[in-house]
Amino acid sequence: MTQSIMIQVGQCGNQIGCRFWDQCLHEHAFYSKNGIYDDAISSFFRNTETYSDETYDLPMRTGSNKINKLKARAILVDMEEGVINELLQGQLGEIFDSKQLITNSFGSGNNWAVGNKEYGTMYREQIAEQVRKAAELCDCLQCFFVLHSTGGGTGSGLGTSLLSILQDEFPEVYRFVGAVYPSSDDDVITSPYNSMLATYELTEKADCVLPINNQALINICNKVQQAVRSGKFEKPTEKNAKPFDAMNNLVANVILNMTSSSRFEGSLNVDLNEIVMNLVPFPKQHYLVSSLSPLYISKDVALPPRKLDQAFEDLFSKDHQLMLSDPRHSLYLACALMVRGKNVQTSDLNRNIAKLSRNLSFVNWNQEGWKTGLCNLPPIGQQYSLLALANNTCIRHTFTDLKDRFVKLYSRKAHVHHYEKVDGFESLLFDESLNSLTGIIKEYEEMEKTTLSGTAQSTDRLQLV
Amino acid sequence: MAATVTVQLGQCGTQIGHELLSVLHEEATFYHHKDRLKDYNDIAMKTFFNDTQCGKHEARSVMIDMEPKAVNWAVQDTTGKEWRYAKSQQFVQKSGSGNNWSYGFKVHAPKCKDAIIDLIRKEIEKCDYFGGFLLLMSLAGGTGSGLGAFVGNVLRDNFPRATVLNPVVCPYTSGEVAVQNYNAVLSLSHIIAVSDAVCLLHNNQLHEICHRLLGIKQVSFHDMNKVAAHQLASVLLPIIQDKQSGSRFQNVLNDIASALVCNSRYKMLDLKCVPYMSPHTMAFNTFQWEGLAKRMFQMMLTDHHMDEGLNWRTTLTRPHGKTQRSSTYTKYVSSLLFMRGQGSTSYDLLTQFGDSRLYPTWIMPACRNSVWKTELPFRGYEKCIAFLSNGTSCVKSLNVLTEKAWDMFGSKAYLHHYYKYGLEESDFINAFATVENVIYSYKTL
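In order, the protein sequence lines correspond to chains A and B. In terms of the numbering used here, the first sequence opens at residue 17 and continues consecutively. In terms of the numbering used here, the second sequence opens at residue 7 and continues consecutively.
In case anyone wonders, no lab produced these hints; they're calculated from the structure. Just so we're clear, the structure is a prediction, and the values are computed from it rather than from any experiment. Among the hints, a few may not be true.
[What the hints assert, rightly or not] Some residues of chain A that are not near chain B, with every Cβ distance over 10 Å (derived):
| id | residue |
| --- | --- |
| 1 | PHE46 |
| 2 | GLU96 |
| 3 | GLY106 |
| 4 | ALA318 |
| 5 | THR416 |
| 6 | ILE456 |
[Claimed, not checked] Listed next, with one range per pair, are the computed distances between beta-carbon atoms:
| id | chain 1 | residue 1 | chain 2 | residue 2 | range |
| --- | --- | --- | --- | --- | --- |
| 7 | B | TRP318 | A | ASN359 | 37 to 43 Å |
| 8 | A | ASN238 | B | SER432 | 52 to 58 Å |
| 9 | A | LEU153 | B | ARG271 | 52 to 58 Å |
| 10 | A | GLY106 | B | SER432 | 55 to 61 Å |
| 11 | A | LEU153 | B | MET283 | 51 to 57 Å |
| 12 | A | GLN242 | B | VAL98 | 45 to 51 Å |
| 13 | B | ARG271 | A | ASP73 | 54 to 60 Å |
| 14 | B | LYS223 | A | GLU281 | 22 to 28 Å |
| 15 | A | LEU104 | B | TRP79 | 35 to 41 Å |
| 16 | A | LEU153 | B | TYR135 | 48 to 54 Å |
| 17 | A | LEU153 | B | LYS128 | 32 to 38 Å |
| 18 | B | TRP79 | A | THR66 | 33 to 39 Å |
| 19 | A | GLU220 | B | ILE123 | 38 to 44 Å |
Where is the CB? At the ideal position from N, CA and C, for every residue including glycine.
So here's chain A without its partners, still in its complex pose (with noise of 0.2 Å):
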């Protein structure tokens, strides 16, 4: 069995991260009712024991030991203490180790420059030992799970150096990424820079990416809300107030299907290297619009069950993506269907693949793009659930948009000196962003106009002499 660390890095990683570990924990816990410290609790936690102030990890051998105290793998950047400190004084702190922590306290201004460059170099032994540790504490470390927000400073730019140490250090562990792109109502002025930036350490450094956007979860808590008659979370008191924590839990949620069946059992089983095989056809076209369904934010608050096919239905209406998106109308070119739950089986699968292939366009080398999974244990208080990971070219519309935004400022050159007067920056980097960019636009463009006007040729078969 594989381990996961995960790095939540700024405000909105640690958000994330810290729902994420609330989920993860309730979900363990309702599972393994034995208190037996296992192989599916080991992916993401460890057991330990602590001897006279020091922590010790207490090894797994025969997997028949009870749990003692759990920590979570997970490392926790942030340039400002208010949030981890939130986070340690709340009822998860237990599970992180002190030593995981690593803050400062000035933040980063919204800045992606001080973020990468500045606080990359000053932080960046440090955080890389603390990844080795992490790391050497894995019996077999499988990926990073790197949780940021690419609109502000920290997480978008201490968050994408990461992923350089990442790559230094462990060239062969996989690294994911949630990153959460601001939406156009964005209050940060220079959330165009630092995104177009750190889309750009994306790109290169990341081995696939999901990303995220506010709006999309703004609206998918809005449905469930409206469906569900109690909230048991407290409703906005202003209008236009956010429900952070439920925004969060979905990602949270997506993030635990993603592993479900690298953790639990089940007759098609999917690893996360399974998932970066399928779906990155070529090496920069990792991008993953994820959506889920049926919609639910913790075991309490949910939409009330719908029938099998038709949540496999709505699982491809622009709704219940995270993304704003409509990759109905666009261009597949690999799609990943997970499935938890144990009433869902292979036929149930195959059938609704088969209706759903007629309405959805696939790039013409990759007709039959899809990588299924079915694993046993549904989510709590869920009969089942169908994640579905898509490399779609819908993507292209984000990235205009943002490339638009970021051209808008960029061609004033405004605020371009708050970045340029930090150490290690250059003013270069902007265009080779923009460049990389637009050059992704049009890749995904170009496989969207062969496939789409029907152009495209297929190379004759190997004839033999």
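Place chain B on chain A using the hints.
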């Protein structure tokens, strides 16, 4: 009477192998009390299982997987049963192969080679007379297909005289794994060279059998594995003709291979069985050899995998095809019929199975078709027929696989994942060439 070692590779191989061993054990202990059938039990048991002191039988099997969940499930599933897996005959790693053939073949394989050979040798040492290997794997994944291809090579190098029968599972054509076609072409190119016979099992066909013949509404992989196990067991269980002459088989794998694979260019086997029915409808059906034989012959003629939805208009005198001129028969190199049940020895099978129009001219009439009969029934079916053939049945699926893989290869999609671990463009081209060769050989029969 030779022993067979079952090698279960990857999740699919483990799961199907598990069902197969369950079926074999069940059949071998079923007629425990009837004296004249004791030979049958003995032979079936000794071929696939080992007697241990504590009374439980141990499967002659080696399970190999690069991640532990499926193997652990299989081992656990035997608690409470009368057979089990030998301790430490399982080789598992932790990280899986990520559906990457290249990772399975180039990275895992060399690392695990020695440990795997060790386990296999240990299993062989337990046999009095070792016959061959049953190598179970799927073509779509990373371990079964990649590591499996490597293990095939290893078996051939280290045990050159052993017969290797290789049932492999082809994935759903609607897509199970995005890179399934690459993995399939790469694997096939290797195993065709080293195995004595490769038997293709298709998820599509198994699914349909479960759905339409067995009436299972929500078909699961478990159901499909049971059907695959049923099919394989129907050809691997002993053929006892009568008490005097004992078993027809000295070495089941060898006998099958020598009857079906006379030329190393033609090794692709196909398996069909009649009848299938769900347990509650069995009581209402009576079987006649004539009816079963007729259905099986039509399945042979039209290359259909089940006895429902058959095209009865095709006959020997009126072969199928789009136009009168292009009509062809499904052609065979050779075929084997297994008749299990009461009255089989006295029933003379239709000679049509050996009709010269279905076989190429270079096959001698005597080698075209053989019928093996035993009075003993199989799995509660009063009478049943299994048809194991070497013919053009494989062409359709191989064609589909190769076409899709070639399309993908043309657009260079996913290749960086394979090249990362040492595979090169030339390896792909060679693999394509090998498989195209096989398709061509069968097409020109």
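Hint check results:
Every CB of chain B lies more than 10 Å from the CB of A/PHE46, the least distance being 19 Å, so the non-interface label holds. No beta-carbon of chain B comes within 10 Å of the beta-carbon of A/GLU96; the shortest separation is about 37 Å. Chain B leaves A/GLY106 outside its interface by the beta-carbon criterion, the shortest separation being 33 Å against a cut-off of 10 Å. At the 10 Å boundary, the C-beta of A/ALA318 stays outside the reach of chain B, the nearest C-beta of that chain being 24 Å off.
Once the 10 Å rule is applied to beta carbons, A/THR416 is consistent with being away from chain B; the minimum gap is 23 Å. The beta carbon of A/ILE456 is kept farther than 10 Å from every beta carbon of chain B, the shortest such distance being approximately 16 Å. At about 38 Å, the beta-carbon gap between B/TRP318 and A/ASN359 stays in the expected band of 37 to 43 Å. The hinted range of 52 to 58 Å is satisfied by A/ASN238 and B/SER432, whose Cβ atoms lie roughly 56 Å apart.
About 55 Å separates the C-beta atoms of A/LEU153 and B/ARG271, a value consistent with the hinted range of 52 to 58 Å. Taking 55 to 61 Å as the suggested C-beta distance range, the pair A/GLY106 and B/SER432 conforms, at roughly 58 Å. Checked against the hint of 51 to 57 Å, the pair A/LEU153 and B/MET283 passes, with Cβ atoms roughly 55 Å apart. Take A/GLN242 and B/VAL98: their Cβ atoms lie about 48 Å apart, and the range 45 to 51 Å holds.
Hint check: B/ARG271 to A/ASP73, Cβ distance near 58 Å, so the stated range 54 to 60 Å holds. B/LYS223 and A/GLU281 have their C-beta atoms about 23 Å apart, which keeps the hinted 22 to 28 Å range intact. Evaluation of the 35 to 41 Å hint for A/LEU104 and B/TRP79 yields a pass: the beta carbon distance comes to about 39 Å. A hinted range of 48 to 54 Å holds for the C-beta pair A/LEU153 and B/TYR135, which are about 50 Å apart.
Range check, A/LEU153 to B/LYS128: about 34 Å between beta-carbon atoms, so the 32 to 38 Å window is met. Against the hinted window of 33 to 39 Å, the Cβ-Cβ separation of B/TRP79 and A/THR66 comes to about 35 Å, which satisfies the hint. For A/GLU220 and B/ILE123, the Cβ-Cβ distance of about 42 Å falls inside the hinted range of 38 to 44 Å, so the restraint holds.
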